[in-house]
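Chemist: Modelling step: build the complete structure from the supplied sequences, incorporating the hints.
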Amino acid sequence: MLLEQILFFVAAAGAIGGALGVVLLRNPFFSVLALVGHLISLALLFLLLRAEFIAAAQLVVYAGAVMVLYVFVVAYVGGIEEAVGGEGAIGRLGPLFAGALLIELCIAIVGSALPAIDSRGAHVPAGFGSPGAIGKVLLERFLVPFEAASFLLLVAAVGAVVLARRRRGLEDAPDDELPERAGRAPLGDPSGRERADGGDEGPPAGTAEGPGDPTPERDAERPDPVRDPEPQPAGGTA
Amino acid sequence: MTALPLASVSFVESTGVQIVKAIVIFAFVLVVVPLILLLERKLLGRFQARLGPNRVGPFGLLQPLADVLKLLSKERFTPRTAVPWMMAMAPAISIFTAVVTLAIIPFGDVRHNALFGASYGLYGIDVSIGILWAFAFGALAFYGLMLGGWASGSKYSFLGAMRSAAQLISYEVSLGLSLVGVVITAGSLSLTEIVNSQDHIWYVVPQFVGFCIFMVAAFAETNRPPFDLPEADAEIVAGYNTEFGGMRFGSFFMAEYINMVAIAGIATAMFLGGWHGPGPGWLDPIWVIVKMLLFVVLFIWIRATLPRLRYDQLMAFGWKVLLPLATLNALVTAIVVSA
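Chains as they are written, first to last, in this note's numbering: chain Z, 1 to 238; chain W, 239 to 577.
Among the clues, some could well be false.
[As the list claims (entries may be wrong)] From the derived model, a few chain Z residues whose C-beta atoms are all more than 12 Å from chain W:
#  : residue
1  : Leu20
2  : Phe30
3  : Ile40
4  : Arg50
5  : Glu52
6  : Phe72
7  : Leu105
8  : Ser112
9  : Gly159
10 : Arg165
11 : Arg166
[Said to hold, decoys possible] If you only want the chain W side, here are some residues facing chain Z, beta carbon under 10 Å, derived:
#  : residue
12 : Leu385
13 : Val411
14 : Ile439
[As the list claims (entries may be wrong)] Chain W regions said to be covered by chain Z (calculated; three or more residues, Cβ under 8 Å):
#  : segment
15 : 277-287
16 : 360-368
17 : 376-383
Calculated from the structure, these hints are not laboratory results.
Here the structure is a predicted model, which means the values were calculated and not measured.
The beta carbon of each residue, even a glycine, is placed where N, CA and C say it ideally should be.
Modeler: In C-alpha cells:
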C-alpha cells in the first residue's frame with residue numbers, strides 16, 4: 001500500500017513537472033523531452049489505476065512512436081533560441097484562454113472528485129483493464145466508433161502523403177528526374193516518415209529542404225538529413 | 239487488493255522472492271554478457287580464419303575481464319559542444335530498458351513446493367500484458383541512443399542517432415506484427431502461457447513466416463549487422479556512441495548485448511517452445527539457455543557472413559517488404575484461427 005502511494009506522488013509530480021517543462025523550457029528539444037517525461041508519468045498513473053494495457057499502449061504509442069517523430073522534427077529543425085510565442089491578438093488571448101480552461105477544469109475535477117475522497121473508489125472487477133477486456137469493449141461495444149477513428153487516421157495519413165508530395169513537386173525538381181531517385185528519395189531520408197505517419201506536427205523536416213536545397217550548411221551543428229544517403233558510393237551495396 | 243501494487247500478474251510472490259529474482263536476473267546479465275562477447279570474438283576469429291583472442295588467460299578466457307578493466311580505467315571525455323548530464327543519462331537508459339526486458343523471459347513454469355515449501359515462477363514477472371511489456375520498454379530504448387547521439391554535440395553522433403531512431407521505429411512495427419500471429423494462435427499475451435500452449439508443436443512450424451519476419455526485424459532492433467547502420471563505422475565513425483568513452487561506451491556496448499540476449503529469449507519463448515524439451519523437469523532452464531545460445535550464435539554467424547546494407551535499402555526493405563508481409567501474416571493467421 002505504501003509503495004502505491006509513493007509511486008502515485010512520484011508519478012503525479014513527474015506529470016505536473018513534465019507538463020510545466022513543456023511550456024516553460026526555452027529549448028524546444030528539452031520541451032519535447034519534458035513531454036516524454038510527462039507521458040511516462042501518465043503511464044505510471046495508468047498502471048496504478050490497474051490499466052496495464054493502457055499504460056503499455058501509452059508507452060508504445062505516445063512515448064515510443066509519436067514522441068519519436070517530435071524528437072526527430074525538433075532535432076533537425078530545432079536550436080531556435082528565441083522564444084516561440086504569438087505576438088499580437090493571439091499572444092494576448094492565450095493567457096486568458098488558459099486561465100478560463102484552468103477554472104473550468106478545476107470546477108469539473110473538484111465537483112466530481114471531492115465526493116470520492118472518503119469512499120473506497122470505483123469497484124473494479126477482476127480482469128478490468130486487461131488486454132482481453134479492452135479488446136472486447138473496443139471490438140464489440142464500440143466497434144463503429146473504433147473503426148471510424150481508424151479510418152479517420154488512415155485518411156489523415158494518406159492526406160499527409162499527398163500534401164507532402166505536392167509541396168515537394170516531384171515532377172518539377174530536376175534532381176528527381178532520374179527514375180530510381182524519384183522512387184527512392186522519399187524512403188531514403190529518415191525524415192520521410194513524418195509525411196506518412198502524421199501530418200499534424202507542422203511541416204516536416206524533409207519537405208522544406210529537398211535534395212535541391214541551395215543552402216548546404218544551414219546550421220553547423222545539425223547535419224542535413226537529405227544529404228545523408230547521397231555521399232555513400234555504390235560500393236556500399238550488399 | 240493483492241500484494242503487488244502494479245500490474246495484475248498471473249502468479250503472486252512475496253516481495254522478498256521478487257527482490258531475489260531481480261538480483262539473480264541482473265547477475266545473470268552481468269555474467270552472460272562478457273561470455274557472449276568472448277564467444278563472439280572467438281567465433282568471428284574462426285569465421286575469418288584467425289584464432290581470436292588467445293593471450294589473456296587460458297585460451298583467452300580472461301579477455302572480457304581485461305576489456306572491462308580497460309574501459310573502467312579510461313578517461314571520461316566530454317566534448318565542448320556536449321550536454322554533459324544527458325551524456326551521463328543516455329547509457330543508463332539503454333541499460334535499464336535492456337535489463338527490464340529480460341524480466342518477462344520465462345526460464346520455466348511455476349514450481350510448486352520447491353524451496354522452503356513455497357512456490358516460485360522461474361521468470362522475473364509474468365505480467366498480463368506479457369509481450370507488450372517488451373515493446374513498451376523497447377520503445378523507450380530509443381531514447382538512450384537518441385539522447386546519447388544528440389547530447390554528444392557531434393555530427394557523426396547525431397547522424398547515428400537519427401538513423402537508429404528511424405530504424406528502430408520502422409522495424410518495431412514489423413517486429414510487433416510478426417508476433418501477432420503467435421499471440422492469436424496461443425490466445426494469450428503472457429509469455430508463460432504462450433510457452434505452455436506449445437507443448438504439442440513449437441510455433442516456429444505453423445508461424446514460420448512470422449518467425450522469419452521476427453528474426454529479420456530483431457536484427458534491426460538490436461542494431462546488429464547487417465542492420466548496424468546506426469554505428470556504421472565506415473560511414474559515420476561509430477554513430478551515436480562516437481563521443482562516448484570508458485564505461486559509458488561500455489554501457490552502450492553492454493546494452494546492445496543484453497538486447498541481443500533479451501531478443502533471443504523472446505524468440506525462444508515465442509517460437510521455439512521455451513522450456514519444452516526432452517528430459518526431466520529440472521532441465522527446463524537449461525533448455526531455455528541452450529535455445530537462447532542458438533540464437534546468439536546465429537546473430538554472430540550472420541555478422542560474420544553478411545555485409546552492411548545501404549541506408550535506403552534498409553528503409554525500403556522495412557516498409558515495402560517486411561511490413562506488408564507481417565501484416566499479411568497476421569491477417570492470414572487471424573482468418574485461419576477464427577475459421
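Chemist: Arg165/Z clear of chain W by more than 12 Å, beta carbon to beta carbon?
Modeler: It holds; Arg165/Z is separated from chain W by about 16 Å at its closest Cβ, greater than 12 Å.
Chemist: Just double-check Ile40/Z for me: nearest Cβ-Cβ distance to chain W has to come out over 12 Å.
Modeler: Violated: least Cβ distance 8 Å, not greater than 12 Å.
Chemist: Arg166/Z clear of chain W by more than 12 Å, beta carbon to beta carbon?
Modeler: Since the minimum Cβ distance to chain W is about 21 Å, Arg166/Z lies beyond 12 Å and the statement holds.
Chemist: If I take the minimum Cβ distance from Arg50/Z to any residue of chain W, is it greater than 12 Å?
Modeler: Given a closest Cβ separation of 7 Å, the condition is violated.
Chemist: Less than 10 Å between beta-carbons is the criterion; does Val411/W satisfy it with respect to chain Z?
Modeler: holds (9 Å)
Chemist: At 12 Å, judged by beta carbons, does Ser112/Z keep clear of chain W as stated?
Modeler: holds (23 Å)
Chemist: Are all beta-carbon distances from Gly159/Z to chain W longer than 12 Å?
Modeler: holds (19 Å)
Chemist: Against chain Z, does the segment 376-383 of chain W show at least 3 residues with beta-carbon separation below 8 Å?
Modeler: With 5 residues close enough to chain Z, the hint holds.
Chemist: Is the nearest CB of chain W more than 12 Å from the CB of Glu52/Z?
Modeler: Since the minimum Cβ distance to chain W is about 5 Å, Glu52/Z lies within 12 Å and the statement is violated.
Chemist: Given as covered by chain Z, does the segment 360-368 of chain W meet the bar of three residues or more with CB within less than 8 Å?
Modeler: The restraint on the segment 360-368 of chain W holds, since 3 of its residues have a Cβ under 8 Å from chain Z and three suffice.
Chemist: Are all C-beta atoms of chain W more than 12 Å from that of Leu105/Z?
Modeler: Leu105/Z clear of chain W: closest Cβ-Cβ about 27 Å, beyond 12 Å.
Chemist: If I take the minimum Cβ distance from Phe30/Z to any residue of chain W, is it greater than 12 Å?
Modeler: Check fails; 9 Å does not lie beyond 12 Å.
Taken one by one, the earlier hints fail for this structure at numbers 2, 3, 4, 5, 6, 14 and 15, listed in ascending order.
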